[in-house]
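Enquirer: Sequence:
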Amino acid sequence: MDYRNIEEKVTTVSTENIYKLNGRVPLSKAIPFGMQHVLAMFVANLAPVLIVCSAALVRGTGENLTSAEITQLLQCAMFAAGIGTCMQLYPIWKIGSRLPIVMGVSFTFLGSLLIICTNPELGYEGMIGAVILGGIFEGLVGLSAKYWKRFLTPVVSACVVIAIGLSLLSVGMDSWGGGSGVEDFGAWYHLLIGAFTLVVCLVSRYLLKGVYKNLNILVGLIAGYLVSVLFTVTGVAQMVDFSNISRTIEEVGIFSIPKLVFFTSHKPVFDLGAFFTIAIVFLVSAAETTGATTAVCTGALGRDIKIEELQGSLAVDGFSSAISGCFGCLPLTSFSQNVGLVTMTRVVNRFTILMGALILILASLFPPLGAFFNSLPQSVLGGCTVMMFGSIMYEGIKMLKECEFDDRTMTIVSLAFCIGVGLTQTSGNFFSAFPREVGDIFNGNAVAGVFVVSLLLSLLLPKKEHSEK
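Reminder that position 233 of the sequence shown reads as 233 in this note's numbering, one-by-one numbering, no gaps.
Hint data in this document are derived by calculation from the structure and do not stem from the laboratory. Accuracy of the hints is not assured; some may be wrong.
To be verified - Below are the BS3-like pairs computed for lysine-lysine, each with C-alpha atoms no more than 25 Å apart in a straight line:
| # | residue 1 | residue 2 |
| --- | --- | --- |
| 1 | 94 | 20 |
| 2 | 401 | 149 |
| 3 | 149 | 306 |
| 4 | 398 | 149 |
Please read these numbers as outputs of a predicted model, since none were measured by experiment.
My request is simple: use the sequences and hints to build the entire structure.
Expert: Pasting the structure below:
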């Protein structure tokens with residue numbers, strides 16, 4: 001890939017601009033490529049909202065949120081993800097990276113958010129207050145990146161990117177099997193649809209010509225969805241639930257504007273303890289976003305990350321999470337699925353990714369459209385995402401290759417992965433003697449452990465002194 005002209009300013013509308021950071025692309029090309037990004041992350045963007053908000057208690061009542069309220073929060077999740085993506089692509093002041101990064105609701109916060117929202121004294125309202133405060137905290141940390149960027153050495157960044165890829169591999173395989181926790185996980189029809197989707201993606205990548213070969217994920221998604229509909233209609237297997245679309249229309253309507261939480265009956269409660277519970281997770285999210293942003297620069301743009309880009313990316317990660325909290329939703333982060341898509345296809349055009357962001361916002365205004373996207377079977381997503389997740393790990397290995405292979409690097413990498421990944425594979429709670437929050441952060445998140453261990457070793461281990469020849 002020739003990276004020399006990838007970031008030059010382009011004024012003419014051209015299909016070739018799809019491989020350039022700036023410049024206009026014909027809508028006939030920009031919309032399908034943008035749609036590909038939306039479909040790659042749509043279900044994963046909504047899943048954390050469903051998990052957390054279904055368990056959340058209304059503060060002081062012990063009751064759960066209603067079905068209609070949860071549906072509206074799903075709508076807000078799409079809206080916030082679209083706004084956050086727009087901020088990344090086209091910055092406001094220093095908030096934004098100008099890089100092809102898609103924002104979405106993060107799984108990283110799941111454990112800590114469930115602790116807060118299931119506490120009757122804090123509830124859903126306490127959780128939203130913590131999200132708003134935590135987002136502002138991470139945003140300020142991001143704006144000060146130039147003061148601590150030197151501590152993120154190349155070996156630390158490489159370890160984090162590899163860990164992101166590793167942590168997503170099980171997510172892709174869970175989706176292929178039909179989705180985590182479903183009764184028919186691993187059923188033959190899930191495995192068949194996932195395999196069929198993957199084969200279509202691979203065949204499309206090698207048979208399609210020009211820019212169209214990079215639409216292979218979209219082609220696979222459509223083909224897998226159509227076969228899933230065929231299985232459902234013929235009674236072979238119930239894979240697509242169309243009733244969710246009609247139910248969404250009944251509960252929310254055809255058109256609905258996302259509401260700020262301040263104008264609902266669930267006004268946020270700002271509790272210092274809840275903020276401290278979630279603040280450390282925002283730092284872990286910052287490490288993930290650092291790795292994802294670095295992977296985009298090295299894997300798709302062929303260069304190192306700039307301090308302004310890191311600063312802007314982390315600022316959006318934080319402040320867009322605060323905006324999401326203002327709509328009653330969960331924190332956002334850079335979506336690794338889409339980082340994998342960008343690095344695999346090399347489609348980096350900001351205008352093209354903007355089309356995806358606008359589709360998300362449009363889907364939030366028309367809830368039935370969002371419900372239609374959400375009907376995409378998990379096995380179809382699994383067939384598409386396994387290769388994308390692997391490409392993230394591949395980019396991390398390429399980054400590691402640029403580091404000096406000596407005893408110090410070997411020690412950092414070995415211990416970072418042995419401890420960070422090993423913690424997620426223990427038979428019990430390794431941190432049972434510590435507060436519950438510690439276990440929630442490290443036992444279920446390999447990225448957190450790899451980041452902390454590699455950072456500490458990078459700071460503490462003595463560097464090899466080079467002598468002049």
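Enquirer: Hints first: check each against the structure and report whether it holds.
Expert: Verification of the supplied hints:
no. : hint      : result
1   : 94 - 20   : holds (22 Å)
2   : 401 - 149 : holds (21 Å)
3   : 149 - 306 : holds (10 Å)
4   : 398 - 149 : holds (21 Å)
In this structure, none of the earlier numbered hints is contradicted; all agree with it.
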